[in-house]
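Chemist: Here are the chains, one letter per residue:
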Amino acid sequence: DVKVTQSSRYLVKRTGEKVFLECVQDMDHENMFWYRQDPGLGLRLIYFSYDVKMKEKGDIPEGYSVSREKKERFSLILESASTNQTSMYLCASNSIPIGDTQYFGPGTRLTVL
Amino acid sequence: GQQVMQIPQYQHVQEGEDFTTYCNSSTTLSNIQWYKQRPGGHPVFLIQLVKSGEVKKQKRLTFQFGEAKKNSSLHITATQTTDVGTYFCADQTGNQFYFGTGTSLTVIP
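First to last, the protein sequences are chains G and X. Each residue of the first sequence is one higher than the one before, starting from 1 at the first, in the working numbering. Each residue of the second sequence is one higher than the one before, starting from 1 at the first, in the working numbering.
Worth flagging that the hints you see were computed from the coordinates, not collected in a lab. Please read all numbers here as calculations on a predicted model, not as lab measurements. Mixed in with the good hints there might be a few duds.
As the list claims (entries may be wrong) - Derived CB-CB ranges, DEER-like:
#	chain 1	residue 1	chain 2	residue 2	range
1	X	30	G	72	25 to 35 Å
2	X	81	G	56	11 to 21 Å
3	G	9	X	47	21 to 31 Å
4	G	14	X	3	29 to 39 Å
5	G	10	X	9	19 to 29 Å
6	G	73	X	12	19 to 29 Å
7	G	38	X	20	35 to 45 Å
8	G	56	X	3	32 to 42 Å
9	G	73	X	16	37 to 47 Å
10	G	70	X	10	32 to 42 Å
11	X	68	G	113	39 to 49 Å
12	X	84	G	52	37 to 47 Å
13	X	17	G	77	43 to 53 Å
All C-beta atoms in this analysis are idealised placements derived from N, C-alpha and C, irrespective of residue type, glycine included.
Make a model of the complete structure from these sequences and hints.
Modeler: Set out below in structure tokens:
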């Protein structure tokens, strides 16, 4: 059974804190993605990675960075959290062939106070 | 990036009524995937459409890809309370997925 896990389901941080969101997949997928989901805006891509140490900006990378040191792990970093980064963060992975489905993690609901 | 619009944003139906959500783009879509997200859950893949004019069915769900590959639809016949959730379309271009804004379906028993 395919599995994408995220380090926390709920997280509360203060403005200015550095925040790490971890995502791990056990399917040996090449591609991994970080999205944020907000009401009325759907899923917006923050960053994705198609290989270890490789990363590409998505539609809304400002205020975020990522790290992929191992194939199975993709981390999202908020260097200095702000209240407008309060959101649901979803990690996903898929394999290289075009059209392969994305498998999503359970999500992390981050609240920045 | 790619703009994929989805309507309606919200839909309330009586159980047993039909439901349709539409996905539109001003540019040609590469291939369309549909996902369902239950309340409190994460998106789960439903189906993929690749060919112009393609129609696929899954029990009470019918998925269509427009002839010009600029729109897609998901139709549910005789909704049930288990259909509650948000339905997303997503266009895959290269390694990226561009998601629609989603349609939240509420089914009233």
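Chemist: Hints broken by the structure, by number, lowest first?
Modeler: Checked against the structure, the hints that fail are numbers 2, 6, 7 and 8, while the rest are satisfied.
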